[in-house]
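Trainee: One-letter residues, chain by chain:
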Amino acid sequence: MPRTIRRIVAGIAAAAVFGGVVATALADSTADEIAKYRDALQDGNPAELWEARGEDMWKTPRGPKHVSFASCDLGLGAGVVKGAYAQLPRYFADAGRVMDLETRLLWCMTEQQGYTRADATKNVFGNGSAKRSDFEALAAYVTSQSQGVKMNVPLDEPHVHEMYALGEKMFFYRGGTHDFACATCHGEDGKRIRLQDLPNLTKVEGAQKAYTTWPAYRVSQGELRTFQWRLNDCFRQQRFPELVFGSDASIALTAYLAGRANGAEFQGPAIKR
Amino acid sequence: MDHDRREALRRGGAVSLLTLVAAAGWLPRGAAAETWNKDAFATHSLDETIKALGGGAPVPSQDIVFFSTPDIAENGAVVPIGITSNVPKTEAVAILVEKNPNMLAAVFDVPAGTEPSLSTRIKMAQTSHVYALVKADGKYYVNSKEIKVTLGGCGG
Amino acid sequence: MADPMKIRANAVGDSTEVKVLMSHEMETGQRKDAQGKVIPAWFIQNVHVTHNDKVVLAAQWGTAVSKNPFMSFKFKGGAKGDKVKITWVDNHNDTRTDEATIA
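Chains as they are written, first to last, in the working numbering: chain S, 164 to 436; chain H, 15 to 170; chain Y, 27 to 129.
Among the hints, erroneous ones may be present.
The calculated lysine-lysine pairs, modelled on DSS-like cross-linking and capped at a C-alpha distance of 27 Å, are [said to hold, decoys possible]:
| hint | chain 1 | residue 1 | chain 2 | residue 2 |
| --- | --- | --- | --- | --- |
| 1 | Y | K80 | Y | K100 |
| 2 | S | K285 | Y | K63 |
| 3 | H | K113 | S | K435 |
| 4 | S | K294 | Y | K58 |
| 5 | Y | K100 | H | K153 |
| 6 | Y | K111 | S | K199 |
| 7 | H | K153 | S | K199 |
| 8 | Y | K106 | H | K52 |
| 9 | S | K199 | Y | K45 |
| 10 | H | K162 | Y | K58 |
| 11 | Y | K111 | H | K113 |
| 12 | H | K52 | Y | K63 |
| 13 | H | K103 | Y | K102 |
| 14 | Y | K111 | H | K103 |
| 15 | S | K332 | S | K222 |
| 16 | H | K162 | H | K113 |
| 17 | Y | K106 | Y | K80 |
| 18 | Y | K80 | H | K153 |
| 19 | S | K294 | S | K222 |
| 20 | S | K435 | H | K159 |
| 21 | H | K103 | Y | K80 |
| 22 | H | K52 | Y | K58 |
| 23 | S | K313 | S | K372 |
| 24 | H | K113 | Y | K63 |
| 25 | S | K222 | S | K372 |
| 26 | S | K435 | Y | K45 |
| 27 | S | K294 | S | K435 |
| 28 | H | K162 | S | K435 |
| 29 | H | K159 | Y | K45 |
In case anyone wonders, no lab produced these hints; they're calculated from the structure.
Whenever a hint applies, use it, and build me the whole structure from the sequences.
Mentor: See the structure below:
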């Protein structure tokens, strides 16, 4: 039996405890080839198309109050985008909340541009050119302005610290119909699902690599996806109830994972399968 | 863009493309305004495709090289394909995917002065051979490579 | 009006390298929507690239070219400051032309 198949079979047997889903790491040659595939994708990232739209959107007055995002403070001052993503999530006194990028953008849309929450969140995750998400375009632009900047989530700030602690608790909390926790898939080295190596997010290197590569153009979706989307989709895969967009739960998990990535250079928007 | 300008742009573009493509012999005979070879894009075999493109039996050639083309594609929706043709007097390069619903993915006309080396991304329905077909000096050459297509898991 | 392309044209020795990202659904006509109806094919059929009004690349594409197409190639000549123009036409007869300056 070829080595690859032997490994996969052994992996499945070993993973029977988890319901036969999570298996052991990929054979080296397969992992190498997939690395080559990922490398070849780097050349032209369709995320740039979202970045261009997002930049336009940032600078154009919009909404009932006809205001651009020039007055939107992401933590470094009104309208300042450079380096802003690397210090999110953070506490915003004017909102009385810790916010991640999307929550803060939503706040600027409702409080400054005059949108209702319902209108602003009509299409948070895009689906084709007919159903686009403003958040995805804005996130692509804003995060592109943090490329190369070291993650510096202000974990010492009490509100952020509280969210971080909550996020950590959530990460290890088992629930849903399959009794999954984030840690079930992301709490050990050398795990994979089918042909996807799963990053160990309990280790700093794993958390850094994972967090700094979102948002990303997701080839399988043909869309630019953000961290809010990533968490939402994880909840779906764990058969958890839906993770509400911009909820404290989503911000807590983001604070935990972003905080653990502190010190690493932000690399997004990236491109993934 | 208003209709007239769009039409002019399209026709203007179409004429230069038409000339080029007709000169390269990749247009079906008698085609006038039609600049898209509908027949070639509806074929299911290498031979059928070449016939629709107006050519004859291709010669296998190691002078056609794949670059930045992985052996495994994590997702068949986007498979990077790079082809360099070292066959002298290359006029055109085509990409065909054996197990796709229609084999022909793309045809590139390479005018004199343009390097016969290009890359793009294609969709592959499943693990399959990908053919790089080259027309050079009126003759056809081909090389192929198998690319495995997988569906990734739940993350990444 | 379709979204603009992202074009990068760089002088490399005595050649110009062109990389372009286009915004297009490239719908194959094989997919079905949630109601089971076929989503009609919608894809770029023709592309051509010109430099100083000379065609340096012409292509015919089918539905198998990926969504948000990317293409990269090189042509001899082209100096910094020259313009490279790219046009695509799709099967709805929609079209887009964008220009880039060779850097």
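Trainee: Now tell me if each hint is right for this structure.
Mentor: Hint check:
1. About 14 Å separates the Cα atoms of Y/K80 and Y/K100, which keeps this hinted pair within 27 Å; it holds.
2. Only pairs whose Cα atoms come within 27 Å are accepted, and S/K285 paired with Y/K63 is accepted, the gap being roughly 24 Å.
3. Under the criterion of a C-alpha separation no larger than 27 Å, the hint pairing H/K113 with S/K435 is consistent with the structure, at around 24 Å.
4. The straight-line distance between the Cα atoms of S/K294 and Y/K58 is roughly 16 Å, inside the 27 Å bound, and the hint therefore holds.
5. Our distance criterion of 27 Å between C-alpha atoms is met by Y/K100 and H/K153, whose separation comes to about 23 Å.
6. Straight-line distance between C-alpha atoms of Y/K111 and S/K199 comes to about 31 Å, which puts the hinted pair past the 27 Å bound.
7. Straight-line distance between C-alpha atoms of H/K153 and S/K199 comes to about 33 Å, which puts the hinted pair past the 27 Å bound.
8. Between Y/K106 and H/K52 the CA atoms are separated by roughly 38 Å; this puts the pair beyond 27 Å, and the hint is violated.
9. Annotation: proposed proximity of S/K199 to Y/K45 holds, straight-line Cα distance about 20 Å (limit 27 Å).
10. With a C-alpha separation of about 25 Å, the suggested pairing of H/K162 with Y/K58 holds against the 27 Å cut-off.
11. Restraint check for Y/K111 and H/K113: the C-alpha separation of about 34 Å exceeds 27 Å, so the hint is violated.
12. Restraint check for H/K52 and Y/K63: satisfied, since their Cα atoms lie roughly 24 Å apart, inside the 27 Å limit.
13. With a CA separation close to 15 Å, the supplied pair H/K103 and Y/K102 stays within the 27 Å bound.
14. For the given pair, Y/K111 sits about 25 Å from H/K103 by alpha-carbon distance, which is consistent with the 27 Å threshold.
15. Under the criterion of a C-alpha separation no larger than 27 Å, the hint pairing S/K332 with S/K222 is inconsistent with the structure, at around 39 Å.
16. This hinted pair checks out: H/K162 and H/K113 have alpha carbons roughly 12 Å apart, not beyond 27 Å.
17. As the CA atoms of Y/K106 and Y/K80 are separated by approximately 17 Å, the hinted pair is consistent with the 27 Å bound.
18. Among the hinted pairs, Y/K80 with H/K153 is consistent with the structure: their alpha-carbon atoms are about 25 Å apart, no more than 27 Å.
19. The suggested pairing of S/K294 with S/K222 holds, with an alpha-carbon distance near 21 Å, which does not exceed 27 Å.
20. With a C-alpha separation of about 23 Å, the suggested pair S/K435 and H/K159 falls inside the 27 Å cut-off, and the hint holds.
21. Between H/K103 and Y/K80 the alpha-carbon distance is near 19 Å, which keeps this suggested pair within the 27 Å criterion.
22. At roughly 23 Å between alpha-carbon atoms, H/K52 and Y/K58 fall within 27 Å of each other, so this suggested pair holds.
23. Taking the CA atoms of S/K313 and S/K372, the gap is about 12 Å. The hint holds against a cut of 27 Å.
24. At roughly 24 Å between alpha-carbon atoms, H/K113 and Y/K63 fall within 27 Å of each other, so this suggested pair holds.
25. Our distance criterion of 27 Å between C-alpha atoms is broken by S/K222 and S/K372, whose separation comes to about 31 Å.
26. For a cut-off of 27 Å, the pair hint linking S/K435 to Y/K45 stands: about 20 Å separates their Cα positions.
27. For the hint pairing S/K294 with S/K435, the CA-to-CA distance comes to about 21 Å; that is within 27 Å, so the pair holds.
28. The straight-line distance between the Cα atoms of H/K162 and S/K435 is roughly 17 Å, inside the 27 Å bound, and the hint therefore holds.
29. Between H/K159 and Y/K45 the alpha-carbon distance is near 24 Å, which keeps this suggested pair within the 27 Å criterion.
Consistency with the previously given hints fails for numbers 6, 7, 8, 11, 15, 25, ordered from lowest to highest.
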